[in-house]
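Below are the chains, spelled out letter by letter.
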Amino acid sequence: MAYTIAEKPEEARAFAAETAKDEDPAKRTAFDEKVAAEGKIEPRDWMPEKYRKTLVRQISQHAHSEYVGMLPEGNWVTRAPSLRRKAILLSKIQDEAGHSLYLYSAAETLGVSRDAMLEALHDGRAKYSSIFNYPTLTWADVAAIGWLVDGAAIVNQVSLQRCSYGPYSRAMVRICKEESFHQRQGYEAMMALAQGTPEQKKMAQEALNRWWWPSLMMFGPSDKDSPNSEQSMAWRIKRDSNDDLRQRFVDMTIPQADYLGLTVPDPELKLNAETGHYDFGEIDWDEFWQVVNGNGICNRERLQNRRDAWDKGAWVREAAMAHADKKAARKLAAAAE
Amino acid sequence: MSKEWPLWEVFTRSKAGMHHRHAGSLRAPDAEMALQNARDVYTRRGEGVSIWVVKSVDITASDPDDKGMLFDPSDDKIYRHPTFYDIPDEVGHM
Ligand SMILES: [Fe+2]
Ligand SMILES: [Fe+2]
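Respectively, the protein sequence lines represent chains X and R.
Be aware that the first sequence starts at 1, since it is given in the working numbering, and climbs by one per residue.
Be aware that the second sequence starts at 1, since it is given in the working numbering, and climbs by one per residue.
Hints listed in this document are in silico derivations from the structure and should not be mistaken for laboratory results.
Do not take every clue at face value.
Said to hold, decoys possible - 25 Å max Cα-Cα, derived PhoX-like pairs, lysine-lysine:
1) R:K3 to X:K331
2) R:K55 to X:K327
3) X:K40 to R:K67
4) R:K3 to X:K312
5) X:K86 to X:K202
Unchecked claim - From the structure, some residues in chain X lie toward chain R, with a derived Cβ separation under 10 Å:
6) A97
7) A320
8) A328
Said to hold, decoys possible - Away from chain X, derived, C-beta distances all over 10 Å, residues of chain R:
9) I51
10) M69
11) I87
12) P88
Even glycine gets a Cβ: it sits at the ideal position worked out from N, Cα and C.
All chains, full assembly: derive it from the sequences and hints.
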């Protein structure tokens with residue numbers, strides 16, 4: 001899925017270094033034509049250095065997001081309201097770990113090592129989706145995440161299935177297959193609360209109030225403030241603009257909120273009879289940039305948890321490797337006798 | 001920084017009678033753990049009844065630059081296809 005067979009990390013690195021120096025205009029033209037004709041670019045195809053760098057940044061950020069996304073939900077595993085909900089939540093979190101793995105693998109085909117990506121995350125150079133820097137205060141937040149955050153992720157990922165880079169596109173296809181259950185279980189949990197006691201319904205409404213705007217922010221800055229988007233669209237790395245995807249999400253989600261009998265916290269929201277789309281209020285872009293730049297409620301806590309998990313797991317990784325080396329050496333010695 | 005775990009390619013057979021197909025890759029210290037991880041990551045929804053894992057470094061792949069040399073020669077050998085031959089309708093399905 002992620003790798004075409006034998007995308008060996010060392011070879012991927014050497015290939016990346018080699019293509020970076022090669023600026024043959026004929027290759028550039030062939031590349032542009034292939035992409036324009038909806039052809040897929042594979043790891044060993046020549047590609048412009050900027051294309052490679054853009055993909056490494058985007059795919060590794062995406063991988064980090066899948067990983068960090070487990071943390072706010074992990075907060076509720078031991079306190080899920082029933083065994084059924086607990087099993088579901090565990091399973092969803094396990095899926096997210098897999099998503100993170102597929103994406104790290106896809107990024108590795110571009111010649112960047114997994115440890116280097118993790119290092120960039122741990123020392124704060126790399127970004128991940130800001131949505132995960134908000135806290136999960138009640139069980140309803142877990143429901144709202146499934147419904148809204150995974151819902152928004154699906155809109156984005158469905159679009160990325162058509163990305164021009166083969167390994168990324170294949171990872172998206174696989175992820176989309178698994179993602180649908182995430183949204184449905186969240187909506188079902190939200191439904192249970194919205195149709196429950198007045199206190200439960202209030203809990204659901206408050207969670208929607210907390211997660212609505214951050215979910216809209218997941219699609220990134222508005223098109224007019226997103227200078228890199230144009231090149232990414234031309235290279236078919238991105239297939240739809242941030243604002244288009246955001247609109248798609250709003251249009252899909254409002255009827256779902258209506259069914260729950262919950263109100264989206266936006267006084268300006270209304271159906272535009274002319275366009276057939278919902279008009280909505282202005283996003284608080286100051287908040288958006290604050291969280292992106294590390295000043296969200298949970299930025300520090302999330303990164304610290306990530307670093308702790310990595311550091312505390314180091315002895316396990318090292319012991320497993322030492323054990324494997326020892327076993328291999330023993331086998332070799334036995335064969336030599 | 002400690003040594004990165006080696007990379008493995010994972011092949012799964014979706015059901016008896018089918019070929020094993022490339023499912024993806026993962027990192028693991030040895031074959032045993034690669035199998036266990038592959039089971040957890042790639043067969044969580046009945047996608048497999050059998051798994052192969054092989055170290056990525058042990059796979060020899062053809063060079064993409066040789067694509068033309070290796071594969072173009074088969075393009076002009078249309079007589080390898082059944083449709084190359086005209087058989088009268090009277091003969092019936094063949
Ligand atoms: Fe995911
Ligand atoms: Fe998800």
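If any of the earlier hints don't hold here, list their numbers in rising order.
Those not satisfied: there are none.
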